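**Q** In case you want the letters, here they are:
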Amino acid sequence: MKISRLFSKKSRERKERVSRGLLVYQDTSEVIRAERILKRDGYEIRVVGPPPCLRTGCDLVIEFPIIEQIGIEQTLKEKRISPLEVVAISDEILEPIDLCQKKDFGDYLMIRAANMKLVVDKRTEIIVNVSGGGCPDVPYLAERLIGLNLDEAPSPRDIGHTICAYALHIAYKEMLKEMDNYVNTGRNGP
Amino acid sequence: MLILVGTVPDRGLPLVHGRVRLKDDRFFVREEAFYLNRGTPSMIGTAANVCRLLGLDEPYCVLAGDTGRGDGSKLIYNFLKEKLDDLGPTVCAFHYIMPDLASHERVFEALRKLEEKPFLIADAGYMYIAKMSGRADFYDLFTPDVGELAFLADENSPHPFYTRGFIFHRTDEVEDFISRAYKGKNAPRFLLVKGFTDFICEEGRILKKVDSPDIDVLECIGGTGDTITGMTAALISAGHQPSDACYMSAAANRLAGALADPTPATQVMEIIRCIPEALKIVINANAANCDAER
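One line per chain: the protein sequences are A and B, in this order. Each step along the first sequence adds one to the number in our numbering, with nothing skipped, and position 30 is 33. Each step along the second sequence adds one to the number in our numbering, with nothing skipped, and position 54 is 40.
FYI, nobody ran anything at the bench for these hints, they're computed from the structure. Take these hints with a grain of salt, some might be off.
[What the hints assert, rightly or not] Residues from chain A shown here face chain B by an in silico Cβ test under 8 Å; the list is partial: (1) 56; (2) 57; (3) 59; (4) 105; (5) 107; (6) 113; (7) 132; (8) 139; (9) 163; (10) 164; (11) 188.
Since we're looking at a predicted model, the values are computed, not measured. Yeah, the Cβ is synthetic: ideal placement off N, Cα and C, and Gly gets one too.
Generate the whole structure from the sequences, applying the supplied hints.
**A** Structural data, given as structure tokens:
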């Protein structure tokens, strides 16, 4: 009985694995654009790390339900952002970090996502510092964001091109939530 | 010759290389001027300040504009592949460069062919690719923060974005990450781990820890890790032992932070201005300790 359960679990896992595919692009900024288009059209996709055989450097890929492949490819073709390659998943997929850590410095709040940190003055909601990361757009993002109010600042995902930009975007989204909460709770939190 | 390599967030900037001239809060390479604000210019500006303090020749730098598309990084990789040998490097520090396996491989080959291998320091994106390439132990020093250390400790992670282990780290976990990074051959001979406590390691052993002065807002300020890398590169170039250079840089960075009296909104330029004074104090204290030990 136990053995048959084991087999059925394994075959279920295999079935789940082969029911997903990956969209592979030349660079991360294309991944970010395709992700935005597909999410807007209601596809259940997510950005993940590629398996070792597809890694070239600063990589992200899009995981999608293989059953949707035709529709997804058509949508991307219409938007002129077809992937370099579409592959079925048969290897290890890396889960990106989705946990954020927040640290309160009194008048300032710092949010960290993966290797990226964003710091905002709670009184004015102005971005005062960006730190961490190692890809070349980190200093660019810092230059573009520091000194701007959260509401007027462009989203890091829209102006960045790398995984570090993607991580900073996660911190930025969390910061928006925290500051909403801060305002709505009469500035007693976070 | 001390060679410092990295990108700056200026889309139109072509490849620029030459000796660094410092002037106030900027440095010049040929006709181009750069503010010492975060990233590669922070590292270069700090190293140039330290060279000036120690009476050394100005460092030589290789820069190109890159806002994340990898174009400037490609120019740098190609230049290094072709010209490294002509420059006669003794210490090289590689910094914000787009991780690219194929290009890294070509630079690695150029480094391997040098008659005399320079002391090789990797930080930021170049450290990511040095680890991902499986050639970390060819390099001499990495300067990760704790999140990046967790990435070095995780054999399967190609980028710190995929490393979960560090989010709620404790000191004993940092020591475990150090041991795992060396065990997996994902660390070079020396590591300088930047964090609430800085760890200086050689071949898996923790040689020193630095935890004072404790200026916790430095964590918020972009570029405060870059200054440590720049200081360390300059001190090694001046002939200090790598472990001493790491220790003095970590201590001086904290002291410069204390002298600048920062808030989370302080910009790194304000810290860099205090580095010469802080480093002078640390070098003198270090020399006095050495004398006392004798």
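**Q** Quick check on residue 164/A please, does its C-beta sit within 8 Å of some C-beta on chain B?
**A** holds (3 Å)
**Q** Quick check on residue 107/A please, does its C-beta sit within 8 Å of some C-beta on chain B?
**A** violated (10 Å)
**Q** Min Cβ distance, residue 188/A to chain B: is it shorter than 8 Å?
**A** With Cβ-Cβ at 21 Å, over 8 Å, it is violated.
**Q** So, residue 105/A near chain B? Judge it on the closest CB pair being under 8 Å.
**A** Constraint on residue 105/A not satisfied, violated at 11 Å.
**Q** Does residue 163/A hold up as a contact with chain B if the rule is Cβ-Cβ below 8 Å?
**A** Holds, because the Cβ-Cβ distance from residue 163/A to chain B comes to roughly 6 Å (cut-off 8 Å).
**Q** Given a cut of 8 Å on the nearest C-beta pair, is the interface hint for residue 113/A held or broken against chain B?
**A** holds (5 Å)
**Q** Should the hint that residue 57/A touches chain B count as held when the rule is a Cβ pair under 8 Å?
**A** Violated - the Cβ of residue 57/A stays beyond 8 Å from chain B, reaching only about 10 Å at its closest.
**Q** Would the stated hint for residue 56/A survive a check requiring a Cβ distance to chain B of less than 8 Å?
**A** Residue 56/A check fails; min Cβ-Cβ to chain B is 12 Å, beyond 8 Å.
**Q** Grab the minimum C-beta distance from residue 139/A to chain B and call the hint holds if it beats 8 Å, violated otherwise.
**A** Check passed: Cβ of residue 139/A comes within 4 Å of chain B, closer than 8 Å.
**Q** With a cut-off of 8 Å on the beta carbons, see whether residue 132/A makes it to chain B.
**A** holds (5 Å)
**Q** Does residue 59/A pass the interface check with chain B, least Cβ-Cβ distance below 8 Å?
**A** Since chain B brings a Cβ to about 5 Å from residue 59/A, closer than 8 Å, the hint holds.
Against the hints set out earlier in the document, violations occur for numbers 1, 2, 4, 5, 11.
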